[in-house]
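Spelled out from the first residue to the last, the chains are:
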Amino acid sequence: MAGQLSIAKALNEALRKSLENDPKTLLMGEDIGKLGGVFRITDGLQKDFGEDRVIDTPLAESGIVGTAIGLALRGYRPVVEIQFDGFVYPAFDQIVSQLAKMHARALGHVKMPVTVRIPFAGGIGAVEHHSESHEAYFAHTAGLRVVTPSNAHDAHWMLRQAIASDDPVIFLEPKRRYWDKGEVGDSADLGLHSARVVRPGADATLIAYGPMVKVCQEAAAAAEEDGRRLEVVDLRSISPIDFATVEESVKRTGRAIVVHEAPVFMGLGSELAARITERCFYHLEAPVLRVGGYHAPYPPSRVEESYLPDLDRVLDAVDRALAF
Amino acid sequence: MTVKSTTRARKKAAPAVPDTLPPVLSEAQSSESQPDAQPELIQLLTPEGIRVEHPDFPLTTTPEELRSLYRDLVLVRRFDAEATSLQRQGELGLWASLLGQEAAQVGSGRAMRTGDYAFPTYREHGVAWCRDVDPLNLLGMFRGVNHGGWDPNEKNFHLYTIVIGAQTLHATGYAMGITKDSADDAVIAYFGDGASSQGDVSEAFTFASVYNAPVVFFCQNNQWAISEPTTNQTRIPLYRRASGFGFPGVRVDGNDVLACLAVTRWALDHARSGNGPVLVEAFTYRMGAHTTSDDPTRYRATEETESWKVKDPISRLKAYLEHEGLADEAFFAELEAESEQLGLRVREGVRNMPDPDPTLIFDHVYAEPHTLVDEERAEYEAYAASFEGGENH
Numbered sequence: 001m002a003g004q005l006s007i008a009k010a011l012n013e014a015l016r017k018s019l020e021n022d023p024k025t026l027l028m029g030e031d032i033g034k035l036g037g038v039f040r041i042t043d044g045l046q047k048d049f050g051e052d053r054v055i056d057t058p059l060a061e062s063g064i065v066g067t068a069i070g071l072a073l074r075g076y077r078p079v080v081e082i083q084f085d086g087f088v089y090p091a092f093d094q095i096v097s098q099l100a101k102m103h104a105r106a107l108g109h110v111k112m113p114v115t116v117r118i119p120f121a122g123g124i125g126a127v128e129h130h131s132e133s134h135e136a137y138f139a140h141t142a143g144l145r146v147v148t149p150s151n152a153h154d155a156h157w158m159l160r161q162a163i164a165s166d167d168p169v170i171f172l173e174p175k176r177r178y179w180d181k182g183e184v185g186d187s188a189d190l191g192l193h194s195a196r197v198v199r200p201g202a203d204a205t206l207i208a209y210g211p212m213v214k215v216c217q218e219a220a221a222a223a224e225e226d227g228r229r230l231e232v233v234d235l236r237s238i239s240p241i242d243f244a245t246v247e248e249s250v251k252r253t254g255r256a257i258v259v260h261e262a263p264v265f266m267g268l269g270s271e272l273a274a275r276i277t278e279r280c281f282y283h284l285e286a287p288v289l290r291v292g293g294y295h296a297p298y299p300p301s302r303v304e305e306s307y308l309p310d311l312d313r314v315l316d317a318v319d320r321a322l323a324f
Numbered sequence: 001m002t003v004k005s006t007t008r009a010r011k012k013a014a015p016a017v018p019d020t021l022p023p024v025l026s027e028a029q030s031s032e033s034q035p036d037a038q039p040e041l042i043q044l045l046t047p048e049g050i051r052v053e054h055p056d057f058p059l060t061t062t063p064e065e066l067r068s069l070y071r072d073l074v075l076v077r078r079f080d081a082e083a084t085s086l087q088r089q090g091e092l093g094l095w096a097s098l099l100g101q102e103a104a105q106v107g108s109g110r111a112m113r114t115g116d117y118a119f120p121t122y123r124e125h126g127v128a129w130c131r132d133v134d135p136l137n138l139l140g141m142f143r144g145v146n147h148g149g150w151d152p153n154e155k156n157f158h159l160y161t162i163v164i165g166a167q168t169l170h171a172t173g174y175a176m177g178i179t180k181d182s183a184d185d186a187v188i189a190y191f192g193d194g195a196s197s198q199g200d201v202s203e204a205f206t207f208a209s210v211y212n213a214p215v216v217f218f219c220q221n222n223q224w225a226i227s228e229p230t231t232n233q234t235r236i237p238l239y240r241r242a243s244g245f246g247f248p249g250v251r252v253d254g255n256d257v258l259a260c261l262a263v264t265r266w267a268l269d270h271a272r273s274g275n276g277p278v279l280v281e282a283f284t285y286r287m288g289a290h291t292t293s294d295d296p297t298r299y300r301a302t303e304e305t306e307s308w309k310v311k312d313p314i315s316r317l318k319a320y321l322e323h324e325g326l327a328d329e330a331f332f333a334e335l336e337a338e339s340e341q342l343g344l345r346v347r348e349g350v351r352n353m354p355d356p357d358p359t360l361i362f363d364h365v366y367a368e369p370h371t372l373v374d375e376e377r378a379e380y381e382a383y384a385a386s387f388e389g390g391e392n393h
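Protein sequences appear in the order of chains A and B. Per the numbering used here, residue 1 is the first one in the first sequence, and the count goes up by one each step. Per the numbering used here, residue 1 is the first one in the second sequence, and the count goes up by one each step.
Worth double-checking, as some hints may not be accurate.
[As the list claims (entries may be wrong)] Okay, the calculated bits of chain B under chain A, using three or more residues with CB under 8 Å as the criterion: (1) 155 to 167; (2) 176 to 182; (3) 193 to 204; (4) 300 to 308.
Since the hints were made in silico from the structure, they are not lab data. Beta carbons are placed, not taken as given, at the ideal position from N, Cα and C, and that holds for glycine.
Same shape as in the complex, but just chain B (with noise of 0.2 Å):
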């Protein structure tokens, strides 16, 4: 009872968000007044590669578009094995792969337009693929060069947030913004099941849903926070938070590029033509360590991952393009020689990747003059010029 009224309340309070609602979120939300229901997984391909028409998300492609996808997944996979790897060797202090979660960041990702803005967190790599962010930036923080150090503006890509959950609310501001400036971008924040239990988020839901910006907020909910698992952090499943805030929240197989790319496209757009936030929930696995410091065996059952190898989102769209007869074995064959390519650029440009002069640490610390910081530098300079050689003591 309380939930129906609750909805009743928020109908009023926002009436323009179900006008353009896909009866699926009708549905989803009539099975909120069933705590028990299973929430529904949309999904568009199986995890045996069987393609499926959900009525609420259609979705046309062309061959040429699957293909591409493929390629972008396989890539994403490439570069970050290859990442873990230079950690492995020394060349990187750290790497948080995304191993499993390729189809949630390239099915969001492609979901952009080019003046759509993401928000990411420090593992989405297969978005800043997407947003065409050169990997080489990505693994400049992990080496220690610099904290980020790309334009964000530049390509619409934030620079990546370590504070979990902080870049929520710069994701809302920045929709904000675009309200103002009645723009038709639309903006979207990456968090993981993790940081839904912080404050900020919690705070992004509400300033996004009374100031009705567009933004689209993804959550990739891949079961672990470090050790935690998610029943550590909610009690209801996350897409059903959104409810509570006033928007729309779907729940979307994340393994699957084609059901995330047609979610994510349908928020940005519900966000876009002014109806405010959505939530997307996409329900995916983590299969590697939460970062290469991580020692997942003493905390979570090989069962359990063993369990979504099955699901894994790259065999899935090959088993697709193969049996559907959309990529001969030549592109395959390409493709694996563009993926030893790359390997090779990431292997040689991370070992390439100069230290910076150390004079870096007073570099950009404010955009205007500061007494402070050139006093600090100049005693800096002085003190390692008195070297013998000069400043390369």
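Extracted from the complex, chain A is given alone in its bound form (with noise of 0.2 Å):
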């Protein structure tokens, strides 16, 4: 892939190698045609692909994921976008009790290629219900896989990754770095479901996913300047959880910190604590720590960077885990 691409642009590509390389992959969503979704990611697709593939929906999320599953059990590969996180709730049943359990259910005489794109999380200064993270409600859901990538090569590989899954994907995109831009290889360099080492360190391992991949970097270049050395880990899979991955790094580094912009409380934090601690027990210095939202509506968007774990957050939870 030629040069720099941003994250809204390497999403894009993807999709549109997938519907050359597979006349059953079909797009639907609210608005994705002549506007080209409100972010703008499918821009172009219906003009070159027709509004037969490329399908602009009725304003109903239930409907368009309820259809969705109806065209996969015809043979064909839908990729759905959900406009906002929020607006993912009214689709809830068709996403946990028909998509997630239908190929189960069926005995695996069904396949449910359904990828769902949502844009989610905070920090673009929104209304209610923009800025949503909702993937431990999916994550706790069997028979869904669930993903979100942190920069625009894995964007683009494993969005072309879930689609080409014969089950049903949560394509979670963090909003909010649309606009990066990064090296899109030619070659996915991982599978759907590893997590990546993107940052070594040897002191603590900062544990993210999504939007807040960078804010742990960032951390991390803040804390070596005091001599600090963080690994970060990128997850990219929320489900399945690449743990070999996270235990191998914690057994390293002793001490664990989990940033998720999601409310800490039932959050992915919890799940990755208990499992460090069974794995890792007699390698830790510190108890595994967690940073994220509070168990608050996401807040009014002036008091947002409030909510989101930011740099000195994170650096607070690694001097607490530091000073065990």
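Using the supplied hints, reconstruct the complex from the two chains, each of which is provided in its own coordinate frame.
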């Protein structure tokens, strides 16, 4: 792929390639046609692939996912766009009770190759219901795969892998990073569900995904100035989680801090803390700490910076971990 | 006035529709301008077993076809009764009886072509029968050995759907796929009066109409959603909902197998010919409980149920066959013997249905390998094997 691409463009190119490579691939969503989606992720695709394959749908999320299931039963491979994270809840039954369980209840006789793309998480100064981090709901549901890229290369290749998967994939796009640019390689260097050590270190492991990977990388860079070498693991996949990579890192560093935008209570950090405790008990120098959102509705945008984990909150947790 | 202008607007929006409508539909539309008018009930066989003609739904049947429909009705009822008994004997965890709805299901089921596709609720045992799905497959789910598990594509009969109304969207999506494939198949989506209140059903109507999808929405209005009467779901006859979405709706006598056959056949052909969806409201009655866990004596009067007994779908066809001399005693005797055989097969089949291996829990969660499921399966297997005597603890 030529040069530096934004995450948005890398996703757009992934959709284009998927449409080119498989005539059964369809895009469905609100305003994804002429407008190219509210974030322009599908820009130009309806023009090139037609209204039959890039489908502007009625404004009904349950309807979008429900009809995508029917199209999948007919042999299609729908890629659904939910316009904003907070708009996915009307489709919750179709995702959790229908899409996720269809393969199991059919004893494998039918496959559900449906990708549900959702721009998620906050930090863009939006009105309410536009900044949700709901990954834990989906990760809690067997039958779904849940992934989120943090950079342009992963955005491109993980989306192509998600579309190619015969299982339903919830593909969470860190919307505040859409315009971040990066090199997109010529091939996928990792499987869809592998984690990546994006910065090596020895003193503590920061575990993040999606929009928080950049925050953790910045925190690690700042900590280095104080002589602290922090390792950063980008999980990439939320279900399943690549615990092997997490375990290997934490056993080396002895300390783990999980960072996500979603509320700490019952968040991914809780599961990671439990698993790390089970797998790395004798290597831990400190309890696993969590940095995340509060048990409150996502706040009005004028105070969202106080809700979202930032460099200082991550470093505060690092201080506490290293104090043990 | 409002209704009239709506009708005009619809004709403008979907010019393909009115051309192929039988006159009855335009009559039904005109009755919409008189909200208190009694809806027309399309009927070809009266409760007394008298064959009547309907100008818009002519139906020619051979004696053999009539006997075959009668056979379907009788065997489906027998299967259903066996299942209720098996639940009472503890062989099934639950059963949702179709008693009273045999004609709606057999009539619509026999209207389908091989390539057509049915999306059922959890009560469409009669449709399953018409699609040649083995009745024992249906019982596996109610026994608790699986959640369905048959291959939907083998007989074009989707798995039962328990969350009401959800399958109407699957049906619509499937029908959208048929259009994309330029095929001439059609889809039939079953749901009930209760499900008509679900948002998914309205969304399915919307998607089907704007994409002109070849789907027939077949609503069995059996008057009761567990304990709630249809008046809790709607102020207007349900078939009239279609007009707000811009496609035709008709009400058929759901206890008249011939009318259900003729109307559904028309509706499927209408849909497959590129004219978009149709709503059929089959006006029928749930003679039994909602399921074997329900007690209808708490919420409905015996007199009401009794009043529907005289409209029974099987006895009216039997009366017709008898007084027209279309079936002799040997036919009825043979059918009785076949019915006994079916009962025996169902009873033995259920009683001999093995429990699945517990590792079924981990099978098919995903189509492709998933590390967490693999890990938990291995943990379970090691745990099970740790008991004396191995895995069967």
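- Coverage of the segment 155 to 167 of chain B by chain A (three or more Cβ within 8 Å): holds (count 5)
- Go check the segment 193 to 204 of chain B versus chain A for me, would you? Three or more residues, Cβ under 8 Å, otherwise it fails. holds (count 4)
- Query: Okay, the segment 300 to 308 of chain B and chain A, do three or more residues pass the C-beta test at under 8 Å?
  - Reply: Since 0 is below three, the answer is violated.
- Message: Verify this for me: three or more residues of the segment 176 to 182 of chain B with a beta carbon less than 8 Å from a beta carbon of chain A.
- Response: Three-residue rule met by the segment 176 to 182 of chain B, so holds; n is 5.
Hint check: a violation occurs at hint 4 only; the rest are consistent with the structure.
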